[in-house]
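J.: Residue numbers (numbering that gives the first Met the number 0), protein chains in the order written: chain A, 0 to 412; chain B, 0 to 412.
Hints are computed from structural coordinates only; laboratory data are not their basis.
Be a bit skeptical, because a hint or two may be false.
[To be verified] Computed far set for chain B versus chain A, every beta-carbon distance over 12 Å:
no.: 1; residue: MET44
no.: 2; residue: LEU82
no.: 3; residue: ALA93
no.: 4; residue: GLN100
no.: 5; residue: ARG113
no.: 6; residue: GLU145
no.: 7; residue: SER168
no.: 8; residue: PRO237
no.: 9; residue: ALA288
no.: 10; residue: VAL295
no.: 11; residue: THR304
no.: 12; residue: GLU378
[Claimed, not checked] The calculated SDA-like cross-link candidates involving lysine to any residue, where the alpha carbons are at most 25 Å apart (straight line), are:
no.: 13; chain 1: A; residue 1: LYS22; chain 2: A; residue 2: ALA206
no.: 14; chain 1: B; residue 1: LYS234; chain 2: A; residue 2: ARG21
no.: 15; chain 1: A; residue 1: LYS316; chain 2: A; residue 2: ARG302
no.: 16; chain 1: A; residue 1: LYS22; chain 2: B; residue 2: THR266
no.: 17; chain 1: A; residue 1: LYS316; chain 2: A; residue 2: ALA206
no.: 18; chain 1: B; residue 1: LYS332; chain 2: B; residue 2: ALA311
no.: 19; chain 1: A; residue 1: LYS22; chain 2: B; residue 2: ASP314
no.: 20; chain 1: A; residue 1: LYS235; chain 2: A; residue 2: LEU54
no.: 21; chain 1: B; residue 1: LYS111; chain 2: A; residue 2: PRO92
no.: 22; chain 1: B; residue 1: LYS188; chain 2: B; residue 2: SER251
no.: 23; chain 1: B; residue 1: LYS22; chain 2: A; residue 2: LEU51
no.: 24; chain 1: A; residue 1: LYS111; chain 2: B; residue 2: LYS22
no.: 25; chain 1: B; residue 1: LYS111; chain 2: B; residue 2: ASP314
no.: 26; chain 1: B; residue 1: LYS22; chain 2: A; residue 2: LEU54
no.: 27; chain 1: A; residue 1: LYS234; chain 2: B; residue 2: ARG57
no.: 28; chain 1: A; residue 1: LYS235; chain 2: A; residue 2: ALA206
no.: 29; chain 1: A; residue 1: LYS22; chain 2: B; residue 2: PHE281
[As the list claims (entries may be wrong)] Label pairs and their in silico Cβ distance ranges:
no.: 30; chain 1: A; residue 1: SER61; chain 2: B; residue 2: THR399; range: 21 to 29 Å
no.: 31; chain 1: A; residue 1: GLN50; chain 2: B; residue 2: LYS234; range: 28 to 36 Å
no.: 32; chain 1: B; residue 1: ALA116; chain 2: A; residue 2: GLN50; range: 51 to 59 Å
no.: 33; chain 1: B; residue 1: THR399; chain 2: A; residue 2: GLN50; range: 33 to 41 Å
no.: 34; chain 1: B; residue 1: ARG115; chain 2: A; residue 2: GLY34; range: 34 to 42 Å
no.: 35; chain 1: A; residue 1: ILE371; chain 2: B; residue 2: GLY129; range: 56 to 64 Å
Heads up, the beta-carbon is just placed ideally off N, CA and C, and yes, glycines get one too.
Protein chains: 2
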Amino acid sequence: MTARVIIQKYGGTSVGTPARIRKVAARIAETVREGERVVVVVSAMGQTTDQLIALAHRVTASPPARELDMLVANGETISAPLLAMCLAALGVPAISLTGLQAGVRTSGHHSKARIRAVETDRLRAELEAGRVCVVAGFQGVTEDLEITTLGRGGSDTTAVALAAALNASVCEIYTDVDAIYSADPRVVKRARRIEHISYEEMLEMAAVGARVLHPRAVEIGQLYSIPIHVRSSFKKRPGTMIVAELPMEERSRVRGVAHETDIAKVTIVGVPDRPGVAATIFEPLGEAAISVDVIVQSVSETRETDITFTIAESDLKQAVPLVRRAAETVGAKDVKASGGLAKLSIVGTGMLGTPGVAGRMFRTLAEGGINIEGISTSEIRITCLVSNAQAEAGVRALHTAFELDSLITRGKR
Amino acid sequence: MTARVIIQKYGGTSVGTPARIRKVAARIAETVREGERVVVVVSAMGQTTDQLIALAHRVTASPPARELDMLVANGETISAPLLAMCLAALGVPAISLTGLQAGVRTSGHHSKARIRAVETDRLRAELEAGRVCVVAGFQGVTEDLEITTLGRGGSDTTAVALAAALNASVCEIYTDVDAIYSADPRVVKRARRIEHISYEEMLEMAAVGARVLHPRAVEIGQLYSIPIHVRSSFKKRPGTMIVAELPMEERSRVRGVAHETDIAKVTIVGVPDRPGVAATIFEPLGEAAISVDVIVQSVSETRETDITFTIAESDLKQAVPLVRRAAETVGAKDVKASGGLAKLSIVGTGMLGTPGVAGRMFRTLAEGGINIEGISTSEIRITCLVSNAQAEAGVRALHTAFELDSLITRGKR
Numbered sequence: 000m001t002a003r004v005i006i007q008k009y010g011g012t013s014v015g016t017p018a019r020i021r022k023v024a025a026r027i028a029e030t031v032r033e034g035e036r037v038v039v040v041v042s043a044m045g046q047t048t049d050q051l052i053a054l055a056h057r058v059t060a061s062p063p064a065r066e067l068d069m070l071v072a073n074g075e076t077i078s079a080p081l082l083a084m085c086l087a088a089l090g091v092p093a094i095s096l097t098g099l100q101a102g103v104r105t106s107g108h109h110s111k112a113r114i115r116a117v118e119t120d121r122l123r124a125e126l127e128a129g130r131v132c133v134v135a136g137f138q139g140v141t142e143d144l145e146i147t148t149l150g151r152g153g154s155d156t157t158a159v160a161l162a163a164a165l166n167a168s169v170c171e172i173y174t175d176v177d178a179i180y181s182a183d184p185r186v187v188k189r190a191r192r193i194e195h196i197s198y199e200e201m202l203e204m205a206a207v208g209a210r211v212l213h214p215r216a217v218e219i220g221q222l223y224s225i226p227i228h229v230r231s232s233f234k235k236r237p238g239t240m241i242v243a244e245l246p247m248e249e250r251s252r253v254r255g256v257a258h259e260t261d262i263a264k265v266t267i268v269g270v271p272d273r274p275g276v277a278a279t280i281f282e283p284l285g286e287a288a289i290s291v292d293v294i295v296q297s298v299s300e301t302r303e304t305d306i307t308f309t310i311a312e313s314d315l316k317q318a319v320p321l322v323r324r325a326a327e328t329v330g331a332k333d334v335k336a337s338g339g340l341a342k343l344s345i346v347g348t349g350m351l352g353t354p355g356v357a358g359r360m361f362r363t364l365a366e367g368g369i370n371i372e373g374i375s376t377s378e379i380r381i382t383c384l385v386s387n388a389q390a391e392a393g394v395r396a397l398h399t400a401f402e403l404d405s406l407i408t409r410g411k412r
Numbered sequence: 000m001t002a003r004v005i006i007q008k009y010g011g012t013s014v015g016t017p018a019r020i021r022k023v024a025a026r027i028a029e030t031v032r033e034g035e036r037v038v039v040v041v042s043a044m045g046q047t048t049d050q051l052i053a054l055a056h057r058v059t060a061s062p063p064a065r066e067l068d069m070l071v072a073n074g075e076t077i078s079a080p081l082l083a084m085c086l087a088a089l090g091v092p093a094i095s096l097t098g099l100q101a102g103v104r105t106s107g108h109h110s111k112a113r114i115r116a117v118e119t120d121r122l123r124a125e126l127e128a129g130r131v132c133v134v135a136g137f138q139g140v141t142e143d144l145e146i147t148t149l150g151r152g153g154s155d156t157t158a159v160a161l162a163a164a165l166n167a168s169v170c171e172i173y174t175d176v177d178a179i180y181s182a183d184p185r186v187v188k189r190a191r192r193i194e195h196i197s198y199e200e201m202l203e204m205a206a207v208g209a210r211v212l213h214p215r216a217v218e219i220g221q222l223y224s225i226p227i228h229v230r231s232s233f234k235k236r237p238g239t240m241i242v243a244e245l246p247m248e249e250r251s252r253v254r255g256v257a258h259e260t261d262i263a264k265v266t267i268v269g270v271p272d273r274p275g276v277a278a279t280i281f282e283p284l285g286e287a288a289i290s291v292d293v294i295v296q297s298v299s300e301t302r303e304t305d306i307t308f309t310i311a312e313s314d315l316k317q318a319v320p321l322v323r324r325a326a327e328t329v330g331a332k333d334v335k336a337s338g339g340l341a342k343l344s345i346v347g348t349g350m351l352g353t354p355g356v357a358g359r360m361f362r363t364l365a366e367g368g369i370n371i372e373g374i375s376t377s378e379i380r381i382t383c384l385v386s387n388a389q390a391e392a393g394v395r396a397l398h399t400a401f402e403l404d405s406l407i408t409r410g411k412r
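Chain A with its partners taken away, still in its complex shape (with noise of 0.2 Å):
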């Protein structure tokens, strides 16, 4: 195959309706007629996902997961068949292809599989044959043709998966905010669209509140070298690009303040420090499917050490009596828990080696008479620890201060 390919993601909402649907097959067909080979990736519509879940809950409390997954799995065969019937009526030669038909090979673990291979046989012939090829995301099938979905993130993943494979030129997802920002639109006006981001940028973004794109599949952009160009279903202009390199002019030293709201503190106090404790700590949390984020363990002169951990307020009911047994098994002298935190973080590469970026985080928040109640670093992002009521605060004072405002107040998008 000479030409290259375009990946192009459409996500839920932008398949939603059957209006929206057309509106999305007019789009593709715009970039047909440019001479590109389009391979589509669909979501379910709107809410079918969520529907076909409470259908299962109807007739059983447990559903076995592999069950779920062939149930589930019927959103994306749904959409894409409907998607290339409208191509179809555009005059736009085009085949919907289940995750089997796509040749998505994952591995076993049902509603929230890994994939393994794109076996691109099929796809490449449907592109040799000038057709559109419009592929179920969020699924993929086992060596024994088990079909599995990929969990949280699962169709984008399905997309850089594919771009990765037919060594595209670009993966689009479109979506319904139009870029990635300098910081949450709704609360900095003077947010900056980011033309370019790097993989590792974004993935900090990403960990840290910016929930635009599922790491795993920016991790896959990444490893293959796949352009993620972020762009808006609805409107015509670029929206963000994903890559390796940044352009010299964007290289700043901070790109973005993420924050998140809804953060709760843990703390076990007295912790004796020997190998094994840690694990012992935060194997149940994993057990419970808990998230643990911002691990800090305080080094101390005496044999014992405090331990803190953040996770979400939501799960804070679930983890105490987790912590409290773990911390007792261990033999921990107590164990603290808060919530009414967020987390307020900056992130770029141009942070490396760049000294004093810290302090002046430290600082700006302490002039904003803002209180830090835990700090965590990565080498390309800073993280605080700070309270609910004060993060928007924050995160305006953040975006000042690293000189990220837009010279334009925006209006509503």
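Dock chain B against the given chain A, drawing on the hints supplied.
T.: For chain B alone, kept in the frame of chain A given last:
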């Protein structure tokens, strides 16, 4: 595999709601507890198929058949996992299978595919492992793994085909009628439940108005000698067994009276008697998907003949211009058409070689003042055309004349 298998097929009404799915699961669980190995075939829930087709027509007026099959097949891949979940909740190990997973291989005629073979490896392995297989009916795949649907009577056909492939002891068709009757019980209060009926009789009954089971399913049953048990989803007692050999005592001459109303009769007068004429007349009707029935060609001593046939009255408006054009082409003299008719048929293998049956039918109708407007016969069936208005009286008269009346008058079913 030593133990034999039972196939149970449940139609759309039987699995129309979560509550009904739970009832069906309880029934299957009972069969499993009796020590049977069970393969279940399900239709789509209630109106799902119609809803999916309506959705297609909201995006385009003429969806391609291939994409419509992709879409419509979701109906059964929704109901199958729901039923499997429900069985699991009752402690019955079960697994749902798509047409592809169940090995149903078909021709590539989308929306009316024919089953070519059933590859039973997966089914046998699941049965060996002690699981109930819940197979999505009405669907299969081609050699290229393209998804097809089987058209009218599709799920019944899946069930009987699986029964043949697995050499099942019986194929049970659960439906909303509780048996085949000697006449429509809504018309004849003394209609008799038929305990056994031969494949031939069932085929003739189906062809002339008894719509319980599609003829193509019966044909496969006959070809592979699979007993088919038509019975109620909602009641316990046995229904009708369709078999090759009737028990001696049940071989009465006439087994049932079938009727079908809203029939139209078309006569082409003065057709030149030469080869190819019939083809010229009937091919355009076939292309327009108009079913033609009861074709009678009168023999004449001149080189001209009259051809009469029946169609559904709802097809008359579309058919007449096609027939007129064909009549002109072959040089016939006139075309006459009239509606408001009904087919009245008596069926029974016992009629073979029993003289006087036809005479008795005609005399019975004459005594009832019912005019016969056409006659057609097979070896085991005699059909008379009568007016719609006299059809029900005719059914009752024939039912009594051929000694089919049950000793008890039936109340509400």
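J.: None of the hints should be skipped; say for each whether it holds.
T.: Taking the hints in turn, this is what the structure says about them:
The Cβ of MET44(B) does not lie farther than 12 Å from every Cβ of chain A; its closest approach is about 9 Å, which violates its non-interface assignment. Not every CB of chain A lies more than 12 Å from the CB of LEU82(B), the least distance being 8 Å, so the non-interface label is violated. Not every CB of chain A lies more than 12 Å from the CB of ALA93(B), the least distance being 8 Å, so the non-interface label is violated. For GLN100(B), the requirement that its beta carbon stay farther than 12 Å from each beta carbon of chain A is not met, with the minimum near 6 Å.
Every CB of chain A lies more than 12 Å from the CB of ARG113(B), the least distance being 21 Å, so the non-interface label holds. With a least beta-carbon separation of about 8 Å from chain A, GLU145(B) fails to lie farther than 12 Å from that chain, contradicting its non-interface assignment. Every Cβ of chain A is farther than 12 Å from the Cβ of SER168(B); the closest lies at roughly 27 Å, confirming the non-interface assignment. With 12 Å as the threshold on Cβ separation, the claim that PRO237(B) sits away from chain A holds: the shortest Cβ distance comes to roughly 28 Å.
Distance check on ALA288(B): its Cβ is at least 21 Å (rounded) from any Cβ of chain A, clearing the 12 Å threshold; non-interface status holds. With a closest Cβ-Cβ approach of about 43 Å to chain A, VAL295(B) is found to remain outside the 12 Å limit, as its non-interface label requires. Every Cβ of chain A is farther than 12 Å from the Cβ of THR304(B); the closest lies at roughly 46 Å, confirming the non-interface assignment. Distance to chain A confirms GLU378(B) as a non-interface residue, since its nearest Cβ pair spans about 46 Å, more than 12 Å.
For the given pair, LYS22(A) sits about 32 Å from ALA206(A) by alpha-carbon distance, which is inconsistent with the 25 Å threshold. The straight-line distance between the Cα atoms of LYS234(B) and ARG21(A) is roughly 47 Å, outside the 25 Å bound, and the hint therefore fails. Taking the CA atoms of LYS316(A) and ARG302(A), the gap is near 30 Å; set against the 25 Å cutoff, the hint is violated. Taking the CA atoms of LYS22(A) and THR266(B), the gap is near 51 Å; set against the 25 Å cutoff, the hint is violated.
A threshold of 25 Å between alpha carbons decides the hint, and for LYS316(A) with ALA206(A) the separation of about 23 Å falls inside it, so the pair holds. Only pairs whose Cα atoms come within 25 Å are accepted, and LYS332(B) paired with ALA311(B) is accepted, the gap being roughly 24 Å. The hinted pair formed by LYS22(A) and ASP314(B) fails the criterion: a straight-line CA distance of about 38 Å is larger than 25 Å. Restraint check for LYS235(A) and LEU54(A): not satisfied, since their Cα atoms lie roughly 37 Å apart, outside the 25 Å limit.
For the hint linking LYS111(B) to PRO92(A), the alpha-carbon distance of about 23 Å falls within 25 Å, and the restraint holds. With a CA separation close to 20 Å, the supplied pair LYS188(B) and SER251(B) stays within the 25 Å bound. At most 25 Å may separate the alpha-carbon atoms for a hinted pair to count; LYS22(B) and LEU51(A) meet this at roughly 20 Å. Our distance criterion of 25 Å between C-alpha atoms is broken by LYS111(A) and LYS22(B), whose separation comes to about 31 Å.
Between LYS111(B) and ASP314(B), the direct Cα distance comes to roughly 20 Å. Compliance with the 25 Å bound is thereby established for this hinted pair. With a CA separation close to 16 Å, the supplied pair LYS22(B) and LEU54(A) stays within the 25 Å bound. Annotation: proposed proximity of LYS234(A) to ARG57(B) holds, straight-line Cα distance about 24 Å (limit 25 Å). Taking the CA atoms of LYS235(A) and ALA206(A), the gap is about 28 Å. The hint is violated against a cut of 25 Å.
Of the supplied pair hints, the one linking LYS22(A) and PHE281(B) is violated, its CA atoms being roughly 44 Å apart against a limit of 25 Å. For SER61(A) paired with THR399(B), a C-beta distance near 57 Å fails the hint of 21 to 29 Å. Remark: the range hint 28 to 36 Å for GLN50(A) to LYS234(B) is upheld by a beta-carbon distance near 32 Å. As the Cβ distance of ALA116(B) to GLN50(A) is approximately 36 Å, the hint placing it in 51 to 59 Å is violated.
For the pair THR399(B) and GLN50(A), the beta carbons lie near 53 Å from each other, so the given range of 33 to 41 Å is not met. About 40 Å separates the C-beta atoms of ARG115(B) and GLY34(A), a value consistent with the hinted range of 34 to 42 Å. About 60 Å separates the C-beta atoms of ILE371(A) and GLY129(B), a value consistent with the hinted range of 56 to 64 Å.
Violated hints, in rising order: 1, 2, 3, 4, 6, 13, 14, 15, 16, 19, 20, 24, 28, 29, 30, 32, 33; the structure is consistent with all others.
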